Amino acid sequence: MVEKLGLTTTPHPKPYQLQWLNNDGDMVVNQQVEIEFSIGNYQDKVKCDVVPMEACHILLGRP
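With my numbering as the guide, the letters of the sequence shown map in order to residues 1 to 63.
Incorrect hints may appear among the rest.
Stated by the list, open to error - Each computed DSSO-like pair below joins lysine-lysine, with the alpha-carbon atoms no more than 30 angstroms apart:
# : residue 1 : residue 2
1 : K14       : K4
2 : K47       : K4
3 : K45       : K14
4 : K47       : K14
5 : K45       : K4
To be verified - Label pairs and their computed distance ranges (CB to CB):
#  : residue 1 : residue 2 : range
6  : Q43       : T8        : 14 to 24 angstroms
7  : G61       : T9        : 16 to 26 angstroms
8  : Y16       : Y42       : 23 to 33 angstroms
9  : K47       : K4        : 12 to 22 angstroms
10 : Y16       : E54       : 19 to 29 angstroms
Read the hints as simulated data drawn from the structure, not as lab findings. As the structure is a prediction and not an experimental result, all values here were calculated from the model. Cβ coordinates follow ideal geometry from the N, Cα and C atoms, glycine included.
Construct the complete structure from the given sequences, taking the supplied hints into account.
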């Protein structure tokens, strides 16, 4: 999503390891992205840690 939206990443100030997020074992979280958003007149920024992930959709129910 970061690449698709063209967001700029920055180095994480305190990189850390995650386990059990994928089948490859540990991964290091070493990037962050800052996202600006607004709800009505309220505006803010949030920093998010960036991790690679694979996502898919499953439709349940009748066709």
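Against the structure, the hints come out as follows:
1. Only pairs whose Cα atoms come within 30 angstroms are accepted, and K14 paired with K4 is accepted, the gap being roughly 25 angstroms.
2. Restraint check: the Cα-Cα separation between K47 and K4 comes to about 18 angstroms, which is no more than 30 angstroms; the hinted pair holds.
3. Pair hint K45 plus K14 holds up; C-alpha atoms about 20 angstroms apart against a cutoff of 30 angstroms.
4. Taking the CA atoms of K47 and K14, the gap is near 13 angstroms; set against the 30 angstroms cutoff, the hint holds.
5. The hinted pair formed by K45 and K4 meets the criterion: a straight-line CA distance of about 19 angstroms does not exceed 30 angstroms.
6. The hinted window of 14 to 24 angstroms between Q43 and T8 holds, with their beta carbons roughly 19 angstroms apart.
7. Separation of G61 from T9 is about 38 angstroms and departs from the stated range, judged on CB atoms against 16 to 26 angstroms.
8. The supplied range of 23 to 33 angstroms is met by Y16 and Y42, whose beta-carbon atoms lie about 30 angstroms from each other.
9. The beta-carbon spacing between K47 and K4, approximately 19 angstroms, falls within the hinted interval of 12 to 22 angstroms.
10. Judged by the Cβ atoms, the range 19 to 29 angstroms given for Y16 and E54 holds: they are separated by roughly 21 angstroms.
In this structure, the one hint that does not hold is number 7.
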